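Mind docking chain G on chain X? Use the hints.
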Amino acid sequence: MSADITLKKGLSIPLNGEATRKIIAPKTFNNFIIYPDDFHGVVPKMLLKEGEKVSLGQPVFFSKVSPEIQFVSPVSGVLLKIVRGAKRRILEIQIESDGKDNAIKHKMTKLDKLSDVDVKAHLLASGCWPFIKQRPYDVVANPNNAPKGIFISGFNTAPLAADVAFVLDSQQEDFQNGIHALAKLAPKVHLSVSADDTSFLSDVKGVKIHRIKGIHPAGNVGVQIHHIDPINAGETAWVVNPEDVARIGRFFASGTFDPSRKVAVVGPVVGKPQYFQTRIGAAVEPLLKEASISANGQVRIVNGDVLTGVATHADGSIGFYNNTLSVLREGNRYRMFGWLPFVGSKIFSMSRTSLSWLLPNRKYALDTNMNGEERALVVTGEMERVLPMDIFPMQLLKECMAQNIEKMEGLGIYEVAPEDFALVDYASTSKIEAQAIIRDALDLMIKEVG
Amino acid sequence: MKLRERIDAIKKPFGKGQKFERFAPAVNAFDTFLFVPNHTTRKGAHIRDGVDLKRTMVTVIIALLPAFIYGVYNTGYQYFIQSGIAFTFWDALLHGALKIMPMVAVSYGVGLAIEFAFAVYRGHEVNEGYLVTGLLVPMIMPVDIPLWMVGLSVAFAVLIAKEAFGGTGMNILNPALTARAFAFFAYPTYMSGNKVWVSEASNVDGISGETILGSLAAGNDVRYSMFDMFMGAIPGSIAETSTLWVLVGAAILIFTGVGSWRIMVGGVLGAAATAFLFNLWGANTLMSFNWINQLIVGGFAFGIVFMATDPVSAAQTTKGKWIYGILVGLFCILIRVFNPAYPEGVMLAILLMNVFAPTIDHYMVEGNIKRRKKRLNASLTAAS
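Those protein sequence lines, which keep their order, are chains X and G. Residue numbers are given in the numbering used here: position 439 of the first sequence equals residue 439, and the series is strictly consecutive. Offset between the second sequence (1-based) and the numbering used here: plus 450.
So that you can see chain X by itself, here it is in the shape it has in the complex:
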């Protein structure tokens, strides 16, 4: 089918270890962790103490700034421990499962009869609200805002990311239900699908469908919004991951919070990369065992894809938003004369300075080595090559570093999220941390503009 939007810029990084389309259930494991850091900017206020019993779907903490936003337990059991860091900041909330899954059941009326206020109240009470994030700022949506639209990206182009169509397989009804619910919250719901999409997503009702053609970051919802209906100063848009749309749909059908997740365990050092039927907050250890990690030396376990994910460890858990668990070899090794161009073909580079361009179909076992050190910004044009938006990335980043709010607004800070700059991180010759710069800038905007 033809595409509505064709994006020519970007980069697909050919990594080894794509998940085979096979789902298995890992051995059950009783330890669950909620990471409040998954919800950027939320200051958690605990509702439970250590040792207290908790049901599945019971609120564990709420946001200090917006108390109506609650965060619920993915499992029933006992709140084992609250791990705090510096300044008593909560890092982890550990919950031990009792294996019973006693769930809180909300009373449900038919979705057709619910008003927008009811839908919002249900989402907030059920713990489903944090699945809705907002642009600008890339934080959990403020329920008091009136968004100009809700945007859902029906495909993921990030390296080795879980395949949306596969994850959503046989959830058509739930997905459609979720769309019905979300449609009450905004004047328009946009669903972007890949130009060659053949899944049920292309037939979803009640949404405006956009067919998008392009390589990563074409699947980023922020990039799509920029081309569909860009966010101006003062406007908000909400975004939801497709898997979570189905989850919201299931909640309105059953009245219970569904914490299940299909997680793809992927990466060059994963022996059997495949999908696992698990749930939010579940320990990653059994997944890693089943997927058989094989690496000499240390590995890095990443909640999310290799460009935007958060590093965790073997005792860690699945993050709130992630359906990809990437495993990479740590690149803490020296390479003699590793900077010599035109030597060897095992180094993947966007520039053709390694012989890897001779092998266009090869996949690479990239590791976490920086492949160089931070330097002054010298090379130009590389950021533009990987950002398919009408935005001047280098100029925006420089204004962000200078904290020049007026220029940041002018150059489109409201239209970007850190994930849109993930490839800038990757591609930068000078090894700058573009995502961190954008995140700090967005936090500054929240503080100064709100």
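Since the hints were derived computationally from the structure, they do not count as laboratory data. Take these hints with a grain of salt, some might be off.
Listed below are the simulated DSS-like cross-link pairs for lysine-lysine, each with C-alpha atoms no more than 25 Å apart in a straight line [said to hold, decoys possible]:
#1 Lys-493/G with Lys-398/X
#2 Lys-461/G with Lys-407/X
#3 Lys-9/X with Lys-461/G
#4 Lys-769/G with Lys-398/X
#5 Lys-824/G with Lys-407/X
#6 Lys-148/X with Lys-824/G
#7 Lys-493/G with Lys-447/X
#8 Lys-824/G with Lys-431/X
#9 Lys-346/X with Lys-823/G
#10 Lys-824/G with Lys-188/X
#11 Lys-447/X with Lys-823/G
Small disclaimer: the values here were computed from a predicted structure and weren't measured.
Positioned in the frame of chain X, the structure of chain G alone reads:
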């Protein structure tokens, strides 16, 4: 990994909190040349591209080498052919090398010493940009320039054109061209005229050290064929003469994506169009000098491929690069044709456009800001 352990032992006193911590950048500069460091990603993307500044700069050096080696050969070739001495390929190469390698050594020695000093003083790592600048400076000088002038020009360029503006990435002017411009205006007798462009021309009467553009500006005819001009067997600055080998370098830069093809193509278009229009006008010898020849004589090809594309001093926006390139080409021909005091215009054209590159970018960026404002206003009026 024995070597690695020995380096780590040597580096120990330069570590964090140790006695010589301040001098760490100087030691690191050598270490990172031997080994790509073991640093891993800490925030942001967990994987990074294989390219870094060292790889980029070394790629540029590789692109420069064909023109450089030909320049070394041509230095000897011009000397022997004009003085009528029988010679072999190796004689020519040796003659050139004896003249040029000391210049390269002085350029690198002086420039890197200043770079290292500033890196230690400012507490940042040594940037690799000078690896290219240091080779470029001798490549664009006349062969008989005294070594102390090379050293002084380099010192001026690195201190005034680069470090005074904040170091690598902040400079307005291309440092290598600044070095040349400094020498050009400070010591004009060594940098222009008809006695400097061939080795020993000022000492030996039989040798004419005139360039093609120089003799054109003086109203004389050209003694060289288009083939000579393209191959580069003509007098000129050391490595600028061979369009063929410059094109090989351009191909490497464009293919690897290290050099901006937009600037190069823009420059060629700008120069070709301007020269072509002058051909049509044809009021004097310079104007009627074939427009294709304009592209292959003098330093135009070298300048547009290796100097105008310096990403720091060129325009940085995509459209800006086109405009910048076209204007470099246009001004190069304008200066050649209208100012006989400067037979070659490419150096001044690039330096002039270096100054205006931020202005070009400014208008590109303002255009983006205006588009966004317009969109905002449109949505506000639609809402009201």
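Comparing the hints with the structure gives:
1. Taking the CA atoms of Lys-493/G and Lys-398/X, the gap is near 19 Å; set against the 25 Å cutoff, the hint holds.
2. For the hint linking Lys-461/G to Lys-407/X, the alpha-carbon distance of about 43 Å lies beyond 25 Å, and the restraint is violated.
3. For a cut-off of 25 Å, the pair hint linking Lys-9/X to Lys-461/G is broken: about 43 Å separates their Cα positions.
4. Restraint check: the Cα-Cα separation between Lys-769/G and Lys-398/X comes to about 19 Å, which is no more than 25 Å; the hinted pair holds.
5. Among the hinted pairs, Lys-824/G with Lys-407/X is consistent with the structure: their alpha-carbon atoms are about 15 Å apart, no more than 25 Å.
6. About 18 Å separates the Cα atoms of Lys-148/X and Lys-824/G, which keeps this hinted pair within 25 Å; it holds.
7. Proximity of Lys-493/G to Lys-447/X is assessed by CA-CA distance (about 23 Å); at most 25 Å being required, the pair is judged to hold.
8. At roughly 34 Å between alpha-carbon atoms, Lys-824/G and Lys-431/X are farther apart than 25 Å, so this suggested pair is violated.
9. This hinted pair does not check out: Lys-346/X and Lys-823/G have alpha carbons roughly 46 Å apart, beyond 25 Å.
10. The hinted pair formed by Lys-824/G and Lys-188/X meets the criterion: a straight-line CA distance of about 23 Å does not exceed 25 Å.
11. At roughly 22 Å between alpha-carbon atoms, Lys-447/X and Lys-823/G fall within 25 Å of each other, so this suggested pair holds.
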